[in-house]
Amino acid sequence: MQDAATRLAALRRPRIMIEAARRGAARYDRDRHLVRILGRVPRRGAAMVQLLELEAGMEAARRSDPGVYRPAPHLAALIALLGEARLPREGAEVT
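In the numbering used here, the protein residues as written are -7 to 87.
Heads up, a few of these hints could be off.
[What the hints assert, rightly or not] The following label-pair restraints were derived from C-beta to C-beta distances: (1) R32 - A77: 28 to 34 Å; (2) R22 - P63: 19 to 25 Å; (3) Y61 - E11: 14 to 20 Å; (4) D57 - L79: 17 to 23 Å; (5) R7 - R78: 18 to 24 Å; (6) T(-2) - G49: 16 to 22 Å; (7) A48 - E11: 18 to 24 Å; (8) P80 - G59: 36 to 42 Å; (9) E11 - R35: 18 to 24 Å; (10) P63 - L30: 28 to 34 Å; (11) D21 - V60: 26 to 32 Å.
Hints in this document: simulated from the structure, not taken from any laboratory. By construction, the Cβ of each residue, glycine as well, lies at the ideal position given by its N, Cα and C atoms.
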């Protein structure tokens, strides 16, 4: 099984979604965004895994059933994924 960082690096999404997510990640607020997306604020590693699973389901919906697909929640999940990836690692010393 791949770790969360490897899975994130392997994501292939439409360029416009990735660009929008990168811009949104610049203003990422962990407490606000994760509560809205996941309903709580889990530890960083757990949040990454949950966000990756959620995003994978959204991507499957985007590809298989565009009639019910909603891009805004998908973009929010991508923003949170990129925002989480930019945070210092848990236990890492901040200088």
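Against the structure, the hints come out as follows:
1. With their beta carbons about 19 Å apart, R32 and A77 fall outside the hinted range of 28 to 34 Å.
2. For the hinted restraint 19 to 25 Å between R22 and P63, the CB-CB distance of approximately 22 Å keeps it satisfied.
3. Judged by the Cβ atoms, the range 14 to 20 Å given for Y61 and E11 holds: they are separated by roughly 19 Å.
4. At roughly 33 Å, the beta carbons of D57 and L79 sit outside the given window of 17 to 23 Å.
5. Range check, R7 to R78: Cβ separation about 20 Å, and the 18 to 24 Å hint holds.
6. For the pair T(-2) and G49, the supplied restraint of 16 to 22 Å holds, since their beta-carbon distance comes to about 19 Å.
7. For A48 and E11, the hinted distance range of 18 to 24 Å is satisfied, since their beta carbons lie about 20 Å from each other.
8. In this structure, P80 and G59 meet the distance hint of 36 to 42 Å, their C-beta atoms being roughly 41 Å apart.
9. For E11 and R35, the hinted distance range of 18 to 24 Å is not satisfied, since their beta carbons lie about 29 Å from each other.
10. At about 19 Å, the CB distance of P63 to L30 disagrees with the hint of 28 to 34 Å.
11. Between D21 and V60 the beta carbon distance is about 29 Å. The supplied range of 26 to 32 Å therefore holds.
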